[in-house]
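Chemist: The lines below spell out each chain.
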Amino acid sequence: MLETSFLNNIGLEHYLVLSAVLFSLGMAGVLLRRNLIVLMMSIELMLNAINISFVAFSKFNNNPEGQVMVFFVMTIAAAEAAVGLALAVSIFKRFKEVNIRFFEHLKG
Amino acid sequence: MSVDAILFWILTLVVLVSAMSVILMTNPIYSALCLAMTMVGVAAIFVTLNAYFLAGVQLIVYAGAVMVLFVMVLMLFDLKHELQSFSRGKFTGALKIGSVGILAGLIVGAVTIGKSLTEVKAVAENAVVVDTTKILSQNLFLKNIFGFEALGVLLLVIAVGTVALSRSKGGTHARD
Amino acid sequence: MNHQILIAILLLSPVVGFLLNGVRFKSANYVLAGSIATGAVFVSFICSVLLFLDLVSMPAENRRIAVEFFTWIAVDNLKINAGFVVDQISSIMILIITGVGTLIHLFSIGYMHHDKGVTKYFAYLNLFIFNMLILVLGDSLLTMFVGWEGVGLCSYLLIGFWFSDSAKAAAGMKAFITNRIGDAAFIIGMFILFMTFGTLNMHELNALAPTTIEASWLGAVTLATLMLFIGATGKSAQIPLYVWLPDAMAGPTPVSALIHAATMVTAGVYMIIRLNPLFIAAPNTMFVIATIGAATAVMAAIIGLTQYDIKKVLAYSTVSQLGYMFLAVGVGAFGAGMMHLMTHAFFKALMFLGSGSVIHGMHEEQDIRKMGGLKKYMPITHFTFLMGWLAIIGFPLFSGFFSKDEILWNAFSSPRGGELFWIAGVIGAILTAFYMTRLMALTFWGKSRLDSKVHPHESSLIMTIPLMILAILSVVGGFVGVPHVIGQYLGHIPNFWEQWLEPVIRAIPANEFVATHAADHEGLEWSLMGTSVALVMISALTAFYFYIIKPGTSEKVRKIFGPVYNFVNHKYFVDEFYFAAVINPIVKQSQNLWFYVDVHFIDKMTYWTADIVKGGGRVAKSFQTGNMQQYAMYIGVGIVVVLSFVLMR
Amino acid sequence: MTSMGTSSFEITVNIIKTLAVFLMMVQAVPILVWLERRGSAFIQNRFGPNRVGPLGLVQLLADAVKFLHKEDFVPDKANRFLFYAAPVFALIPASIAYMAIPMSTPLILGESRFLIQGFEINVGIVFILGISSLAAYTILMAGWGSGSKFSLMGAMRASAQIISYELALGLSIVGVIMTYGTFNLTDMITAQMGALNFSGFGYTTTISWLPNWGIFYQPVAAVIFFAAAFAESNRLPFDLAEGEAELVAGFHTEYGGFKMLMFFIGEYGHMMIAAGLMTTFFFGGYLIPYITPDDVYQFGLNNFGSETAAHIFNSAVHFLMYNVKFALFLWIFIHVRWTLPRFRYDQLMDLGWKTMLPWALGNTIVTSIVIFSAAYFSISFPPAVEDVLKQIFKYFTRT
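Chains as they are written, first to last, in this note's numbering: chain E, 167 to 274; chain H, 22 to 197; chain A, -16 to 632; chain L, 15 to 413.
Rather than coming from a laboratory, the hints here were simulated on the basis of the structure. The beta-carbon is built from N, C-alpha and C at its ideal position, and this holds for glycine as well. Careful: at least some of the hints might be erroneous.
Straight-line distance between alpha carbons at most 27 Å, and here's what the computed DSSO-like set of lysine-lysine pairs gives [unchecked claim]: (1) A/436 x A/99; (2) A/9 x A/151; (3) H/111 x A/99; (4) A/99 x A/62; (5) A/103 x A/157; (6) E/259 x L/84; (7) E/262 x L/91; (8) A/358 x A/151; (9) L/339 x E/259; (10) E/262 x L/163.
Restraint ranges, calculated between C-beta atoms of paired labels, are given here [stated by the list, open to error]: (11) L/126 x H/186: 53 to 61 Å; (12) H/174 x A/609: 28 to 36 Å; (13) H/38 x E/175: 44 to 52 Å; (14) H/38 x L/79: 48 to 56 Å; (15) L/163 x H/47: 20 to 28 Å; (16) A/618 x H/38: 21 to 29 Å; (17) L/126 x A/618: 55 to 63 Å; (18) H/38 x L/86: 24 to 32 Å; (19) E/246 x A/59: 55 to 63 Å.
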């Protein structure tokens, strides 16, 4: 008989697994994609994954600290996106391209 | 299945599919729109976790501002389908996908096998929290006020830095 | 006003002046620069006067204003505060420094007005005043040492002020390096004191100083005080480290007046007076101090006889007078030493400024052989210089008379003194009278030996007003400390000076006191005074005879004492001796050290290290491909490895 | 998901209600279009549509039929998916956000209690702001998807404008939120019940001839909110996105027929949200001045005898009141459109960032200071002064 209780009882594990998978997807994006802006989007994805686990822990531990953390993470993510996009714009202005392989001359 | 469970699975499906699309779409604009979709999904997940205020903030900040910025920048660049949207290199590629997969497997394994979570469950069942907004604000402004202020300073710095970065000659206010 | 604020203003006002002038140091606006600098010091002077008045209004036994601004150093049991003390001694010093300083600043406006670096000059002068104030007000030896080094720096900067002339720059360096030797000893002295007493606070040191005398030469107090005294010989130009002061005359003349006559060079004397309980506990040190002081007084005076540069004469005179002060403190007459410090500040500053006025009027001519008869060209300068001359030779009732007489009497009568000290002092006084008269005669009196091109002129009012004020002070300055024997005939003038200083000067232990001279105290004092004054008068008249009445006489005398004269004229060949015995061997050994140790050992080792690091870096470089995603992959793989290690355990 | 109801009856009614609210919103659009055309004609001294039906009311129906028959046209360079998706997405945020606005007192039928709004959310304001901020996507999708320069320019302008004014909008609301101390819209409306009374510093003063509306507490916020709402809904004088002189028609240049109409509906939807929020925040929502819902209920109970009828009467009267206020603001929107000229783009941005944002921020700060000090400090006047004050403010009392 197929065990289906995990479909019904949504618990902390479900959210954590969702968070983990989302995080891994974001990480795969960071590792594999070459467009600078898509890279940043993938980073946002990872941050969102973390937010989910924070909120989940916050709810299941009955501790508001987790939500405060999410608040902080969101703010920092927004700031990071702003700076990253400003950089991307200036890079695009200079190279007419946002492909990451153009920045390989950053090496020492 | 309860309504909550149905909702969770639908949202999970939405979030994961759109997240997958983010990294698989070759056109970055579709990626961005999919990411916006993911953000909305995550906001909905926050709602299922009783974090109403955070869900609203997620919508306003992420979906409403950050992702709009992304989309605007992408549309400004007017990027079409990219020829080389994924990094090359068979070995490193395999290593990358492998490491991501193993990481996901490890975390999922740790979460599902882990025993300490049962204690957490007990706490959750006893707790009846409806309005988390007030508790959140009290925690934010009383306990974490220093972090809050520091974030304010950070945002100010970021604003100035962004303006300085993207400032160019010309524009509507050019004097010379 | 709150004492803390008052002292802060006192200290910081020159700093403000320094900063204001310092940031605009390229400006050639001498009026503005001079006004800022003079104003700054004048503000300090007003603060000093207010502090002094506050001090006077306090009860005599605890006249002491101590303020602490912050804790400067706190390491284990070493705790140094940025604390400052105004007491009987330092209040006198700050009055001298800021008062005489203001006058000299004022004089400088006139003297330096044609100089391009005038703003820089005033900035340095203000910085000097600040450091000098730190030196005298600091409540611990370390704070004092900060000022001690600071005034050394300013002295170096101002001696080498016209550094484009290499001789002048070298003079600055000589002063600095010579001072370093003394400073090293000073630091060692501080170490010994800290080891022995566990504090560097001078008030605590004085309280902790043993009341019994220390007979051994190797006792801690004796060693410490000896070391401090060596430091003082550097700063105050005593044998054997006096060689820098005559060369320091390369600086602008007001600088010589301020730093190298009135204030900085007296720092050593001040320090000894400040720590008098310690020194009293070490009679051997006191003996050394007195001996060195007496020797310096005589020896420098002898050199002064042969010099022709107006400033050099005054410089050797300064060394000699400083010797007097050390003689005074060496025999335990701290009050007399302090008083001579003050009167000397007045009359020597006056004479230096007067010489500055002469040099200014003579268009940078310093050789007194090319002067003469300046009296009619520069009446005010002459008159004020005359006052200074009378004061320095100790003409009765002029300021120098009282202080010098007090020193001589103490040298004779003090338990730590002796007849020999008195004789040396009198010889010094005789020589002083001779060379000062010679200076007066060659510069102002007699026939004019001027170049036909030179047209001397009286200096402007801004330069002569300070001269006049200082002249008045030189005349009347001595009346603050009229000895009892004279005072009783002048309407019972009390000896303010002794009353003022009495609480901070520790008496020489009574068991040492031998009542030899106590019997006919008054008669003896009168007779000694008479002897010395008579000898001084004779000497002055002789000089007058030599240089005015029969101008050729000096030539004859010189012929007779040919080799001796040559020896003295070359300053006993001390500089040459130092070069041959100390400086050249050190330079040679340093060169060897540099070549064998530095080049062949240390440098090579560092090169090897660099090569190893370079090689390692070349290997590590290959990981840094510039591909950001690869870096991210390293992170990912790292996380995977660590996580699997943690989970599989 | 208890908000959908506990019994099948409630769930059914709630679903129908949600649909009804949505349809109501959509159906209001043709009326608004008619109003706009007739109104503009009235303002410009013309007749406007007056041939089809009474007062030209049936003109709308004719227009709808015409729109349906138009050719479904896609430009060659357009991105087909986005081009089609944009108008559909344009409807969603506006309609979802509008559902959070309460339109009347809850309707109580026996055991069940139905809110006259799509659904109640505890953080209503945040929800509405969040959802309506999604509107920028549709504009961007439309602009970029059209593959036209004018469309893209228009979309960029519009989205930049929306993001900029969202700040002023959000900040102006902060003062309101602090005044009421809640995010919940229904609670806010309840707080505006009764006569205007200020209390603080240990005193209370009641002005009986004024309702206790938010506009008297937050006038600055009201002005800023209303102005920013114009910009948010891309209406004149802020309709830079579709400045005909420069950009043909902005982001919907390439759209025609029914797709165009959907954008229209979206725009009117934003207008309605703005009008609804104005009513709710500053003008007492569905409340009738001087009368409390209980009075109305009692009146209904006295006249109709049955509780159910009284409840229905109560809700209906308040719904009417809400619609009166709501229509007033919609009319102001339309009136402004036909009286004010358009801003220049830099003027628009200057106004948003340099004028409205600082004022909104200042309002927030002043409000917080006043609220804090009013709650924690108390001033005591000498008795004589207190008497004078009592003469001036009739209901000036010490608490």
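Chemist: Run every hint past the structure and note whether it holds.
Modeler: Taking the hints in turn, this is what the structure says about them:
no. : hint                      : result
1   : A/436 x A/99              : 25 Å, holds
2   : A/9 x A/151               : 21 Å, holds
3   : H/111 x A/99              : 74 Å, violated
4   : A/99 x A/62               : 45 Å, violated
5   : A/103 x A/157             : 22 Å, holds
6   : E/259 x L/84              : 42 Å, violated
7   : E/262 x L/91              : 22 Å, holds
8   : A/358 x A/151             : 30 Å, violated
9   : L/339 x E/259             : 50 Å, violated
10  : E/262 x L/163             : 19 Å, holds
11  : L/126 x H/186: 53 to 61 Å : 57 Å, holds
12  : H/174 x A/609: 28 to 36 Å : 33 Å, holds
13  : H/38 x E/175: 44 to 52 Å  : 23 Å, violated
14  : H/38 x L/79: 48 to 56 Å   : 39 Å, violated
15  : L/163 x H/47: 20 to 28 Å  : 24 Å, holds
16  : A/618 x H/38: 21 to 29 Å  : 27 Å, holds
17  : L/126 x A/618: 55 to 63 Å : 57 Å, holds
18  : H/38 x L/86: 24 to 32 Å   : 29 Å, holds
19  : E/246 x A/59: 55 to 63 Å  : 47 Å, violated
The structure does not agree with the numbered hints 3, 4, 6, 8, 9, 13, 14, 19 stated previously, though it agrees with the rest.
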